[in-house]
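S.K.: Sequence:
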Amino acid sequence: MRICYRLLLLGICLSVGVASRAQVEVFVPVGTPVVNADMVDGQKDKLKRSFSVSGRLVDSVYHTPIPFAGVVLLDTMGVRTIAQSISDEAGRFTVRVDDSGTYLLRIIVFGNMPWQKRVRLSLRHRKIELGDLAFRYVVGIDSVSVTTVKKLIRVDMDKIVYNVADDPFAKGAPLFDVMRSVPLVSTDGQDELTLNGQSNFLVLVDGKRNAIFKGKGFALSSVMKAYPADAVESIEVMTIPPPRYEAEGIGGVINVVTKRSKVNGYSVGVNTLATSLGTLSAGATAMLKYDRFSMSLFGSVSRNDTGMAESWTERENFGSDRNRLWSNYHRNDQRERSLFGILHMSYDIDSLRLLTAGVDFGHTETRADRSGVAGIYDRSGLLTRRYDTYDDVKSPSPRLTVNVEYQRSFRKKERMLTFAYLFDRSADRADDLRTLIDFVVTGSDIRRDRSHTLSFEHTGQVDYSDVFNRRHELSAGGKYICRRYATGSSRDLFDAAGNVWSKDPSYVADRLGYVQQIFSGYGNYTLKGSKFGGRIGFRAEYADNDARAGTGEQENRFSNAFFNFMPNVSFYFVLSGSQNLNAGYTHRVGRPSVSMLNPYRNDADPSYIYYGNPDLEPESAHTFNVQWGYYRQRHAMSLTFSSVLCNNKIFYYARDHGDGVKEMTYGNVGKKNDFMLYFYYTYRTGRNFECGINGHYGYTRLGDRTNSDSFNSGWHGALNFRIRTALWKNAGINGFATYLSDNILLQGERSSCPSYSLQLYQNFLENRLRVSATAAQFFNQYYTTDGTTETSEFREVSEFRRRARFFNLAVSFTFGKMDEKVKKSGRAILNDDLITQ
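For the sequence shown, position 156 matches number 156 in my numbering, and the numbering has no gaps at all.
Where hints are given, some of them may not hold.
Pairs of lysine-lysine residues, derived as PhoX-like cross-links and limited to a Cα-Cα distance of at most 20 angstroms, are as follows [as the list claims (entries may be wrong)]:
# : residue 1 : residue 2
1 : Lys528    : Lys412
2 : Lys127    : Lys117
3 : Lys531    : Lys159
4 : Lys159    : Lys259
5 : Lys413    : Lys528
6 : Lys259    : Lys171
FYI, nobody ran anything at the bench for these hints, they're computed from the structure. Only a predicted model underlies this, so the values are computations on that prediction, with no experimental measurement involved.
The task is simple: from the sequences and hints, build the whole structure.
M.R.: So this is what it looks like as structure tokens:
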């Protein structure tokens, strides 16, 4: 590509010699020159030219070099070409001549008016050094069109970058559809994303955590289906993040990088979606750039009816004759209403100082109608107890994240200092109106259970980085996190005779106050070479936890502290222009969330009790990765071997004490060893066709440290297929399919269900308007899975079913002209250490 660019500019330079005299000249390349850059320099060793003019071309805004610009020395009249050259990749140029005299120096930077200056070479001034010459974009050239095709995938030492802006199928599509083409990212049968085969990972926007992308599973997929891919520049995937990121117990990091441009303007886009399941959504994006101020805003409102879901469960209790068999049917009809938005702003104080700020907010309200029928039978099959439950649940969840960052650059542009502050607030409330009818023991009662969880988080961070000799980078930083949580609950009983509500005197309330403080620091050295590079670093963290759990009149206080030192090493090797090899190791930790630590016993269901464990320790895992990649324009493929070894895995496990009641809690009882092979392949023919496959296959062994006889192991994997092709002008069809093997659990396994969908789209008005129709699971009405859990105490079989077949219609429209989005600081706050459920 660079050679073609040089030939193009050289053709422009050659046309100068035959151009007529004019105040403004437009240079159009004619033919295909056969002269290369070395020939343009005049073969100095042979001609021994002794007069020269030199300089360096830089961008006036970003101070980056301008390569491959045409430089011409003309006679004083500007008619005859005397010598010519092209700036190199560092922006440097040198033009040499044999004779002294006065010349006209003309510099041609693509997209600019020609720049001219008279220079005089003499015996006293044989060499003229002009220094840095800055150019800014002032003229657009409509008569010359240069089309480039960039690689969609780029591999760096610690991440894989998918260039969404260069994906021809991403225009007008939602972000979720683009994620299917990203290496190491897969979807399961319920449209839930996985990274490296794991569902527990973090999604960032421009390197920052926000309230909108904090969700997991279906909630995260819903946000990505509403977020437009037109607003995204690239997607970065990191399976071994650098040490500046929090030590994490997650599968990796996905960073969504939004677009950047250079001129003032605005842009507005709107999108709508309707499905046959009753889902309706509308969203809008707005971007504004004026002088030094930039702003971007994204908002969405939606109503999501997930439809009816059903489950059947049977459990045999080996230790009880009276309560031998427990059978349950459960039905859930759920609806969600959500509103969320992302506001990012930046202001260039001057060329060396940048101030950025962001506000991310969201509010989701869930309404659910649930019903259940449970029966307990003795060994002979006689019914000993039956109870029915009816629940009307309302659960609002508001979230807010505010961040402010100040970035200080220096005259040495690689040196950078960043200060950042982040505030996060979230609240989860639940109001459950339950009717329980016990046909044998207690009769019937109507109760109202209320619960709430409120959390505040304050984070301060400082980062410093510097580059020496363009190859050596040193970085260091520190962070302080303070998290505060508070939980509470209450129960009221309804007196049908008096038609009044009253407090349940026997109810033990859930009261928890929890404070966590984390002090961390990191150091990192990186070597970047053309064929080889590496990074070695460390992260040290000290976490102090203090909590008070109230159970009625009693109070239980527990506290602990942990120190973790985590090394981080990675290397890359460039095998050829299209092949690379990466290897890395890191030590990660995963801290238990508040719900995992809370010792409160929830007994709302008489046969199913669950509670947390305040004695939990952070998970400690060792991760090894080796990746080979081959990336060309038509073919892109990669193979990644990953091993994760954890000897204190936190498992959510079940126990039965012989009375037919199942108890669930958490414990550091697990040993988990994963050995996985991830593969990715894509074939493209220009901008009209793409097909690909990605997935993983490997071996997992799970064990219980407290019981050597309790373990499970096996081979498992997943496959994702996709095909995207153009049909006619501005129209195309996309097809996706997913197959997953059974999931391996410590005490059993759970099956999966394949999924598939087809999408037809048509773009109008120069791709500003997009209309698409999607059909999914059109051969299957239901999504069905089953699972088995077996211990020495009980055996449980379950089946889950929900509606799967749906059709949707989506419309998106963009207007205005906007080439710049908000600038981002080079460093940002990222907290991803908590284990999410």
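S.K.: Each hint should be assessed against the structure and marked as holding or not.
M.R.: Hints, verified against the model:
Between lysine 528 and lysine 412 the alpha-carbon distance is near 18 angstroms, which keeps this suggested pair within the 20 angstroms criterion. Our distance criterion of 20 angstroms between C-alpha atoms is met by lysine 127 and lysine 117, whose separation comes to about 15 angstroms. Annotation: proposed proximity of lysine 531 to lysine 159 holds, straight-line Cα distance about 17 angstroms (limit 20 angstroms). For the hint linking lysine 159 to lysine 259, the alpha-carbon distance of about 18 angstroms falls within 20 angstroms, and the restraint holds.
Taken as a hint, the lysine 413 and lysine 528 pair is honoured in the structure, with Cα atoms around 17 angstroms apart against an allowance of 20 angstroms. Restraint check: the Cα-Cα separation between lysine 259 and lysine 171 comes to about 13 angstroms, which is no more than 20 angstroms; the hinted pair holds.
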